[in-house]
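One letter stands for each residue in the lines below.
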Amino acid sequence: MPLKEKVCPSIDAAVADIPDGATIMFGGFGGAGFPNNLIQGLARQGAKNLSVISNNCGTGEGELGVLFKNKQIRRVVAAFPGPGAKYFQEQFDVGEIELELVPQGILCERMRAYGAGIPAFFSPVGVGTEVARGKEEREIRGKRYILEQALGADYAFIRAHRADYMGNLIYRKAARNFNPIMATAAKFTIVEVEEIVPTGELDPETIVTPSIFVDRIVQAAGKRYV
Amino acid sequence: MSKSRLTREQIAERAAMELPDGVYVNLGWGIPNLIAAYVPSNISVYFHSENGILGMGPRAKSGEEDFDLVDAMKVPVTLLSGGSYFSQDDAHVMTRGGHLDICILGGLQVSERGDLANWRVPGAKGAGGIGGAMDISVGAKKLFVTMEHTAKDGSPKIVKTCTYPLTAIECVDTIITDLAVIDVTPDGLVLREVAPGFTSEEVQAVTEPKLRYAAKVPVMPLKPH
Numbered sequence: 001m002p003l004k005e006k007v008c009p010s011i012d013a014a015v016a017d018i019p020d021g022a023t024i025m026f027g028g029f030g031g032a033g034f035p036n037n038l039i040q041g042l043a044r045q046g047a048k049n050l051s052v053i054s055n056n057c058g059t060g061e062g063e064l065g066v067l068f069k070n071k072q073i074r075r076v077v078a079a080f081p082g083p084g085a086k087y088f089q090e091q092f093d094v095g096e097i098e099l100e101l102v103p104q105g106i107l108c109e110r111m112r113a114y115g116a117g118i119p120a121f122f123s124p125v126g127v128g129t130e131v132a133r134g135k136e137e138r139e140i141r142g143k144r145y146i147l148e149q150a151l152g153a154d155y156a157f158i159r160a161h162r163a164d165y166m167g168n169l170i171y172r173k174a175a176r177n178f179n180p181i182m183a184t185a186a187k188f189t190i191v192e193v194e195e196i197v198p199t200g201e202l203d204p205e206t207i208v209t210p211s212i213f214v215d216r217i218v219q220a221a222g223k224r225y226v
Numbered sequence: 001m002s003k004s005r006l007t008r009e010q011i012a013e014r015a016a017m018e019l020p021d022g023v024y025v026n027l028g029w030g031i032p033n034l035i036a037a038y039v040p041s042n043i044s045v046y047f048h049s050e051n052g053i054l055g056m057g058p059r060a061k062s063g064e065e066d067f068d069l070v071d072a073m074k075v076p077v078t079l080l081s082g083g084s085y086f087s088q089d090d091a092h093v094m095t096r097g098g099h100l101d102i103c104i105l106g107g108l109q110v111s112e113r114g115d116l117a118n119w120r121v122p123g124a125k126g127a128g129g130i131g132g133a134m135d136i137s138v139g140a141k142k143l144f145v146t147m148e149h150t151a152k153d154g155s156p157k158i159v160k161t162c163t164y165p166l167t168a169i170e171c172v173d174t175i176i177t178d179l180a181v182i183d184v185t186p187d188g189l190v191l192r193e194v195a196p197g198f199t200s201e202e203v204q205a206v207t208e209p210k211l212r213y214a215a216k217v218p219v220m221p222l223k224p225h
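These protein sequence lines map, in sequence, to chains E and V. Here the numbering used here is used: the first residue of the first sequence is 1, the next is one more, and so on. Here the numbering used here is used: the first residue of the second sequence is 1, the next is one more, and so on.
Calculated from the structure, these hints are not laboratory results.
Just some of the chain E residues that point at chain V, by a computed CB distance under 8 Å:
id, residue
1, Ala32
2, Gln89
3, Val131
Glycine included, C-beta positions come from ideal geometry on N, C-alpha and C.
Bound conformation, chain V alone:
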């Protein structure tokens, strides 16, 4: 069995398995943006965009772009049957007001109590930007974070206490990485699944807080590539 960590696409593929039929979902920048492509064809998921779209469809075909219909990353998209348009404040009535079933964001750090830091690297050049991440994190019925398990220098991104500027406190429900699926619970972090080829101990070694896990932790049910 290979020992390579999951690709970003595989993280997205695993995250897509968390989406039940009929949910309203917001996807953030980065890995989350890859997830829509992996939603199984036998379920319906309604995507929300903070600029006033519900029922957002795939990217518009070349030559059919309408630049009044773009996603939060300026990409021309489409509207599915049953979709709707509204203003930015109504879009955030949906986020902050707790109307979205599942939101999936990228992460720089997640703490053991579910604090999320995802908008700014300390010392980075420029003004940074919060965008909709704080509103989304606070309001989501369930918040998933998809990210690489460790930073480029190998340091854990799942930490006891976030050292990066926070997006929201105690907001994350589940972390999906290139090594594991981890649930944030009142009793601490629970290792639910490991990536193919990795052991619970190997995941623990690159995770700062103590993980709770059963003697045998299931392997992520990914399709063979």
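Next up, chain E with everything else stripped away, as it sits in the complex:
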């Protein structure tokens, strides 16, 4: 069966074609499930003027930190930039970075909507708070809701435990987090994995991200970067 070749020989090759100005989603939460090899690759590659979508904004130089340190990012959509996001905070404080702060579940749901072809949806989260500013409000069956827009990206950089050659993915424990949602919401998804196995070796009942959502697969070096 002819298959589009998805397995990429190296991390640097996997990120070589990311252009300046791209919008990129990054999986990961609480130190788990970050595509740290791809992030380091993007730091070496040097794409600038990036918009990023991520739960947080790095821990020191770890996770997304290095991209902020290199001043590769101009805009962020995040739920919790985080007290350890030193380089982000420095640039945010002096107005070099634009931030859109989003409730974490709404960040998920906006991406899920995009991936599912839903352009916008009404949500109860943030009603009566500053999150509602500038958004349409509507009463539905006696309750107040605000209109949230779907959120997509040019690329998703994600991390999984195992992939087969087709790009079916399984994750490990709480390292799953944002990764499967982001895979559905980007035009092009690049995954780094701990192990690549021949197609057919993953139990179809356990596949979390089906191959249709994955465009490029690369072997990660080591289990964790940080």
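Chain E is already provided as a structure; the job is to place chain V on it using the hints.
Showing chain V alone in chain E's frame:
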């Protein structure tokens, strides 16, 4: 009888008494995070974590940490028998969708109608962060807030109207502080219990809105320390 306010651990101990057997619970940062240690051994409580864990167990033992299994504060934890893993969007299907029985969050201010402010101090340095608090507050079947009764400068944290940025409106059911247990009801705030050594009038004096209370308000049933 001593006149000291409760410690953070004692607030957690009192809050743990609100958990019935068999509930699914999310605990926020700060005092709520101390509560798991006080759940009585004769009941089962299933802890939810926003990063995709249900049935989260205690912190992992030193040397047994798995950094793919962490809680929302990056602490390596464990999974109890019957636990499960899922993605962040499913974790918030549980929060926002009203599937969690009880959520317990920290608070900066709570208003008399149950509005919660807990994510940002006005004028604080940095970008701040919402995290999962807004989704959790909106969706919880019951929302408890654990916090100190007053701010560091002595000003009430239970107020008529929140002046800090809001997390959610009309969401809090019960406030548990170092001085009192207070229920938010359609008729206003009801003082249910006072901390040992304190009177209802003393609690009212450091609470901005009017409290409703019986002539004799019970004392919190804490273990002697």
